[in-house]
Amino acid sequence: MLKFTRHPFVDVGAAAITAFAGKSRPEDLSWQDLDEVADFIERHYTRDPLKSFLTAIFPNSGYVQPAMKPEKFAAFLNRYLYGYRNEESVSGLRCVYCGREASVRVFRQHVPMLTGEGMLNFFPGAAPGLPVCGFCLLCIQAFPLGATKSSGRTLIIHSDDEQVTLRAARNFLQDNLKYLNMHDITKYPDQKFPRTIFVDQVLRISEDYLQGQERSPSITLYHLTNYGTTADVSILHLPAQVVEFLSIASSARFGGVWREIVRRAWQSVDGARPGVARNFLYEDLFELPERAARFVQVYFLRQGFRAPVRFKDDPRSGYVLERELDLISWDLTAMFLREVMEMDAERIRAIRDLGDRLSSYISRTNDRRFFRDFYRVDRYGQLRGLLIKASNAEVRSGRSPLIGFDEFITIFEEGRDLPRIDWRLARDLVLIRMIERLHQEGKMLEEMTPEAEEIPGGEAAEG
Amino acid sequence: MQVVRVEMEGLTTSFRYPHFMWGRHPTFEMPPPATIYGHICSAVGEWMDPIGLRFGYTFTHEGKGEDLEHVHAISPGTGRPLRQRKRGVVFAEPVNIQGNVNPLTREFLFRPRMTLYVSPADLAEYFRSPRYPTVLGRSQDLMSYRRVEVVDLERAPRAYYEHTLLPWEMQVRVRRGVTVLMPRYVDYSRGREPAFERYVILQNRVVLRPVEERQEDLDEEERPVIRYEDEAMLHWVDPDSPEYKGAKRGVWLHGFTE
Chain A
1 MLKFTRHPFV DVGAAAITAF AGKSRPEDLS WQDLDEVADF IERHYTRDPL
51 KSFLTAIFPN SGYVQPAMKP EKFAAFLNRY LYGYRNEESV SGLRCVYCGR
101 EASVRVFRQH VPMLTGEGML NFFPGAAPGL PVCGFCLLCI QAFPLGATKS
151 SGRTLIIHSD DEQVTLRAAR NFLQDNLKYL NMHDITKYPD QKFPRTIFVD
201 QVLRISEDYL QGQERSPSIT LYHLTNYGTT ADVSILHLPA QVVEFLSIAS
251 SARFGGVWRE IVRRAWQSVD GARPGVARNF LYEDLFELPE RAARFVQVYF
301 LRQGFRAPVR FKDDPRSGYV LERELDLISW DLTAMFLREV MEMDAERIRA
351 IRDLGDRLSS YISRTNDRRF FRDFYRVDRY GQLRGLLIKA SNAEVRSGRS
401 PLIGFDEFIT IFEEGRDLPR IDWRLARDLV LIRMIERLHQ EGKMLEEMTP
451 EAEEIPGGEA AEG
Chain B
464 MQVVRVEMEG LTTSFRYPHF MWGRHPTFEM PPPATIYGHI CSAVGEWMDP
514 IGLRFGYTFT HEGKGEDLEH VHAISPGTGR PLRQRKRGVV FAEPVNIQGN
564 VNPLTREFLF RPRMTLYVSP ADLAEYFRSP RYPTVLGRSQ DLMSYRRVEV
614 VDLERAPRAY YEHTLLPWEM QVRVRRGVTV LMPRYVDYSR GREPAFERYV
664 ILQNRVVLRP VEERQEDLDE EERPVIRYED EAMLHWVDPD SPEYKGAKRG
714 VWLHGFTE
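Chains as they are written, first to last, in my numbering: chain A, 1 to 463; chain B, 464 to 721.
Bound conformation, chain A alone (with noise of 0.2 Å):
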């Protein structure tokens, strides 16, 4: 009867109706199970709280018109909500969601942003509406018991696992039925920061599932409101190497220090998580690969991040390397690295290499300007000044260079004379190698550190 279409709100619906069943996949719902879920639908959309919800997902639908009568409200459940009992047919079209015979053509008021009905645009053969299946009509009549609302909009998670689609849908179903359970509540809860929601769910589910997994899925988040002339859809993709990265990340190998980069990532507030507070760290997942560096260098190196005002109580302007040296792993970053940047197995080796003969030679000279100096530099002609010049001590002393050509090639360099556009990234990396490297020996990294740095932000930087 009911199967994952993989369209979003068909397979949310599904999900939430087998979460609903207590079940474990849509083909083991029964006859009765959909008629449970019906019933439950007939008598909860129709009133509130969940009424005023569905005002921005089916509006001038039976579920919410008042002045719809009896008998029309009554035709309106047998075709739309209960149609998978009827054998109505639509003469020689198929469901465009899962290929069996279509029942019935849905607009607006039955499926969010479609056009409403009549129109002729965006339909072939001019014949306005989708044709539809009873199976799947039911399963998006029931998508908003898997969704939860989020800036005035539902929010939804999809995946290609259908194990994620559920356990997302099964988590948001026990949150509104908890809802509808309280007598008081005449409106859902209104949550903000969709993103951070969103992070927070697919954390939860790579906790009690993705990580026993062998393939890390792509999660996106569909973010939308059907309501009047505001109608609006966001959508948001995770790629597969980001949830691998989450993944391995809030493993047990790396949970300790992971946790605690999250946990100072929340926007400071009293009672800080989802739905009432933003966690920067989870939002900033969204401009990756592309603001990498930047993500390195906060939340890896901890350099204090100047945001833009509009963002009150973002925490990341307080961070202080030398607060925060229990946080510095390279290991984590390494990671980061190899999943989300795709960066060569041998230039992280190289890199990592560099960072322990630098530590080395830190902690055997006490070289402390030159710390500072590697920290601070900003050109891409003093950095290779400090690299050569430390170099040359070393083979003063008769040591061994501190890095070589090739090394230095494939770490810093396209070519001979031609600086990597990412320059300042490695140097980041080598760096934190180095820290974390002279914190494990104990060194007195917070008479090395310069002062607290902030990085200038921006408003692109946040999105």
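Hints are computed from structural coordinates only; laboratory data are not their basis.
Dumping the calculated DMTMM-like pairs for lysine to aspartate or glutamate here, alpha-carbon to alpha-carbon at most 25 Å:
1. B/K708 to A/D422
2. B/K708 to A/E407
3. B/K527 to A/E290
4. B/K708 to A/E342
5. B/K527 to A/D422
6. B/K527 to A/E283
7. A/K51 to A/D35
8. A/K3 to B/E660
9. B/K708 to A/D353
10. B/K708 to B/D615
11. B/K527 to A/D232
12. B/K527 to A/E342
13. B/K708 to A/E413
14. B/K527 to B/E625
Quick caveat, the model's predicted, so the values are computed rather than measured.
Chain B: place on chain A using the hints.
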């Protein structure tokens, strides 16, 4: 395998998600197969039998923007002259179609560039002299063909893929990218009935090599080695593409109906 390789570029393009019709028209980041089918048929000048027709591409753009457009939302008229209250007849002819102008946000991709590979190669002449105006996306999104050649794709045990569309089954191998549901084919013989399929949009470069070659990297990355039944897969590669880590650029040839 001989294929036609067509290099093209334009100023803007947009590939609408078909199920979002009102309020906003979001765009896919790459052209769906059904769009490519229409493009090929436009060059040929008629609806071709899709069986045996195959395509692959690399597609890039320089950014995504959005535009506020007016949509002429049309609906059937009454068939009677148009009358307005207190003003009598304002349009004496029977009104069969009427409409309103509505604003709508449409996303678009800026400066699209595509290298399209099409098999069979004997379609080359159509691309050298296309029957209809060359567009990709909307009807106003004009494209220019910069080069049309017949090339021999080669089989290789290793290849890199980037800025391309792969079948969803490849997601487990590349472990990268975004999965999308796209229109694969629109059947004009059945009232423009659409068929949909899942694909992976892959932007960043991924090198695919035989497992024994990957072993060293996998050890370094501490990932489990995953073996597949068809491990010894061969890739179609473009021999003229730049070499990277001993591999040429792979061209995944998709069908429209299977």
